[in-house]
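If you read the protein sequences in the order shown, they are chains S and L. Going by the numbering used here, the first sequence opens with residue 33, and the numbers climb by one from there. Going by the numbering used here, the second sequence opens with residue 2, and the numbers climb by one from there.
A portion of the hints provided could be inaccurate.
[What the hints assert, rightly or not] No farther apart than 27 Å at their CA atoms in a straight line, the calculated lysine-lysine pairs in the DSSO-like style are these:
id: 1; chain 1: S; residue 1: K340; chain 2: L; residue 2: K182
id: 2; chain 1: L; residue 1: K37; chain 2: L; residue 2: K48
id: 3; chain 1: S; residue 1: K126; chain 2: L; residue 2: K141
No lab work stands behind these hints: they were computed from the structure.
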Amino acid sequence: MRLRILLAFAALAVPLGLALRAEGAPAPPELLSQTALYDASGAIAPGNRPFQPQYPLWTDGAVKARWIRLPHGKKIDVSDVDLWRFPEGTKLWKEFSFGGRKVETRMLWKTGGDWVFASYVWDADQSDAHLAPPEGISGIVEIAPGKRHSIPSLADCAACHRSSPATVLGFNALQLSDDRDPLAPHGAPLKADDLTLRSLLDADVLEPARKELAIHPPRVRENDPVARAAIGYLSGNCGGCHNGTGPLARLGMNLLHGEAVEPTASEPARLTAVDVGGGFLVPGHGPETSRRVAPGAPERSALLYRMKSRRPSSQMPPLGTVVRDEEAVQLVQRWIEGMGRP
Amino acid sequence: MRSRQILTLTTAVAALAALALAPAAKGEATKPDPRKAQIARGAYLVKIMVCNDCHTPFKMGPKGPEPDMSRMLSGHPQDLVMPPPPKLGNGPWIASFAATNTAWAGPWGVSYTANLTPDPETGLGKWTADTFMQALRTGKHEGVGRPILPPMPYPWFAQATDEDLRAIFAYLQSIPPVKNKVPQPIEPPESE
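All chains should be built: construct the whole structure from the sequences, respecting the hints.
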């Protein structure tokens, strides 16, 4: 607790209003109701389509709803199947609820050739939400005994979304695949109007129209169902930063699933994490025994150690969560243990 | 006669060329090199922002502790394995530090100062200026990871201009690389 107080105290001294919008880019509206998410009646506006990534990002058990708005007549450039480029004017929203109450809605807005990040904090009467300050809001609501959810700062938004050339992290080929993973932690069943690759192709909003994505829907290239789900989870939850093209590529650990490879290619996570040493050593182990993922040995696996941790110096992800994802921990532990069996 | 004319012509051309080049050469000699100027600015900033106080290990000299400049800015020495830190109780003393001034213990656990030299494996050799700036602006390791721990006064450094932060990085990339793998921080006991 004293550590958190010290770190929070230090963070207070950070200058406010970090300039993370491109110069000249418009400011996001002050109210969520002004962002075109809703129509005049308060319902989701026509043209804003819901979607559910099959490997959703863990946010301490928040119930999430997501929508995307593509400008009329515009298409997503998927010429690089792993790096979708969205048309000017695209908006994505993600609503976070805890205990049945809406807490915040985040928005990504492509404008001026770049992305604008915004978080909106819901009013007590749940009628509208106000733009959060650039520094975020620490500990806005209690979500578990002694644990509180925080509205991210713009710097926090950028820390994840700018760590991938894609910027948009939950709307891509694997996440929207029609071949859904039944073991994906916290994966929700698709609703009739949820967008998937097939419905995007049917709506003719992908350019080029990659029909192969419907014929052979993307899936993690692992035969074992537990391995498939574990690597899919790591891709959805860790691959935003730990990928092969962003600033952290120099660490040599790529947990992001990609489609632009041979169908028989090994998953990057298997190549760069399994039985590979890393910079972080599991306490009590040296560089000879600590591994990112130690086959058959969860106790020597730094990745699992950091997934379990919710202490500032070791937890992964390093932000956006204060409660560990027990279901995912169990899944990844089973995967690691399974690799030790003949 | 013809050879004399050629000689005269050649001499004239050479003289003209010399005249043409002379001002340029003089100009180049006095024109400041922006890269050198940036590195010099970075060196100055690193000096007055006392980076060496923590990132260069101290050794005992004839007049007492002094920075060991043979290990300039290379962080906590990998061969100096620290014993467990002393227990300070709940009193107003909350932190202790090693004689090298490169290891610190407090409520945050034990932190070690980083290797800022351009060694590619153990220092900042693979970093970019953008990553360096993001780390100091956000107080996050690598710009996106765990919090940078006390006593690093990043909130103050975060207020430097982009130009100054880039100058500091340029200087740090220009100094001799030192291969020195600094240990990772140690977390405090769970009860704290």
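Verification of the hints:
no.	hint	verdict
1	K340(S) to K182(L)	holds, 26 Å
2	K37(L) to K48(L)	holds, 16 Å
3	K126(S) to K141(L)	holds, 25 Å
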